[in-house]
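J.: Take the two lone chains and join them into the complex the hints point to.
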Amino acid sequence: MRLAILDSGHGFATKALFALIRVFSGQPVLDVIKLVKYRADFYGGPMSRVTHGAMRGPSAWSVGDRELMAALVAKTNECTWCTQAHAAVASGAYRDAARVSAVLSDLETAPIEEPLRATLRLLRKVTREQTVAPEDMRAVLAAGVSPEQIEDALAVCFAFNVIGRLADAFGFVQPGPEAFEAGAKYLLARGYR
Amino acid sequence: MSDITQARRALVARILEERGEASRAQRRAAFDGAGLPEPLRTLIDKVAKYAHRITDEDVASVRSSGVREDEIFELVVCAAVGQASRQYDAALVALDIANGKDGHAARDS
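Chains G and L, in that order, give the protein sequences.
Position 163 (the first sequence) corresponds to 225 in my numbering; numbering is contiguous.
Position 70 (the second sequence) corresponds to 117 in my numbering; numbering is contiguous.
Pulled out of the complex, with its shape left as it was, chain L reads as follows (with noise of 0.2 Å):
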């Protein structure tokens, strides 16, 4: 099988733990979904839940507010992997239920 387990570790913690243009504080709230202000929170609460209705104005409003565009970069990127993330793990969970695993024990890094 294709087994992504490391590298999709390798990703989020890149993106999360490493050094970034925004505060660790901020891309983990951004891959959480939780805790941003206006108008930051509109932007990464659609990349999270309708990305596709994302307009020109939402990007340009949230760089008005004095956010550096290297800076949205980073936080739609972990808005996006923690979202997928979410998806992800709650399925990997289900399956090891199905297949008659204890899903904590058996994906536990």
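Bound conformation, chain G alone (with noise of 0.2 Å):
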């Protein structure tokens, strides 16, 4: 990473928690877990609250289809990083890869619901242009999505937006595929608090 105190600034208490995933894991500690767990009260405690409430609070959104939205701002956003750890969370969650590629790949001719692929176009929007008009908001509302399916899907918009912000602005290191799968377990298993 690009700051020496999110590789290795943190606490004697944080850096024995450290080892003890490198044990029981059997991966190295990804590193957006040493950025949030660096200075938490700063960064990492608030934000977790806004991305636990976005992605596991009350939704009628599955987990799933939170964890694919979460991948599309990501790829949107060109942050390989967090597009290859979502995809694999939405893939465990759904229990379908092949869904989660196809959304990745071509998100028009993805197998998959249109009130979720009107969100998806949505959020890509909202991502890539920063703004939306209300006409994109009917569109959306139209294929049956309600107003508060929006707003939860825009809140995913945002945490991943900071995030992925983050883990291109600090150089996150790409692990290898076995350290996401890893990850995302642990996320199904815990969430993101």
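It should be emphasised that the hints constitute simulated quantities derived from the structure, not laboratory data.
Beta carbons: idealized from backbone N, C-alpha and C, even for Gly.
Worth double-checking, as some hints may not be accurate.
[Claimed, not checked] Here are some, though not all, of the chain L residues that point toward chain G, as calculated from beta-carbon distances under 10 Å:
(1) Ile51
(2) Ile62
(3) Thr102
(4) Val124
[Said to hold, decoys possible] Far from chain G, by Cβ distances over 10 Å, these chain L residues were calculated:
(5) Arg71
(6) Gly113
(7) Gln134
T.: Spelled out as structure tokens, the structure:
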């Protein structure tokens, strides 16, 4: 990572926790964990409450749908790290990796429900163009998505527009696929707290 | 619904208003993406607009200009949260208008 403090500036207890993670998972500690554990009162703590609420709070969207939204937002921002990480979580949640890769390779032809497709299109536009018009919202509502579902999707969009920027700015190191798999299992079992 | 309103407000209040290594004025400037000197300005601008294009040199030159790593950490976080907040707020206003509500009144904290 580009800041040495994020790699090795943690306190003793956190370093001990990292050692435990390495032993029990058999994988290196993911850089996103190092980030949220560094001076957690500033960013990691308050942000985890946002992310956990968006990704695991009550919603008409499934966990798989929300992880897929996260992966698509990451892909739109060209954040390879987050795209791979959340494609792995979405694939695990759906138990369907083909569905996830179909959406990430071509949203328009992927075999998914139209309300989800319309919502993913909206998130892509918010992320790419920074803003959307009421007509964009009307198109999603007309596809059968409720205003509450749109808000929930925008919450996911917010969280991953923050996290993806940090992953790229701080230069998260790309681990092997096994590390993302282990991370995905953890996130499906425990969430983002 | 998931409702992140309170949690998001707490995040923004923490990074902008409470104690930090960077000054409150600098953190606010990074959040708003305006009013920072070079080379910090370039880094913060990239965080908001195209973070995937940030290079080792972008960060190294900020560090060489005398900005400490803890300050860089805070300012990059502020820039990312600021940009994501602008997107999110604009989208909520559009949703409220589409939904027949007065955006500002409905979302006022």
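J.: Compare the structure with each hint and give your call.
T.: Results of checking the hints against the structure:
no.: 1; hint: Ile51; in the structure: holds, 5 Å
no.: 2; hint: Ile62; in the structure: holds, 7 Å
no.: 3; hint: Thr102; in the structure: holds, 9 Å
no.: 4; hint: Val124; in the structure: holds, 5 Å
no.: 5; hint: Arg71; in the structure: holds, 13 Å
no.: 6; hint: Gly113; in the structure: holds, 15 Å
no.: 7; hint: Gln134; in the structure: violated, 5 Å
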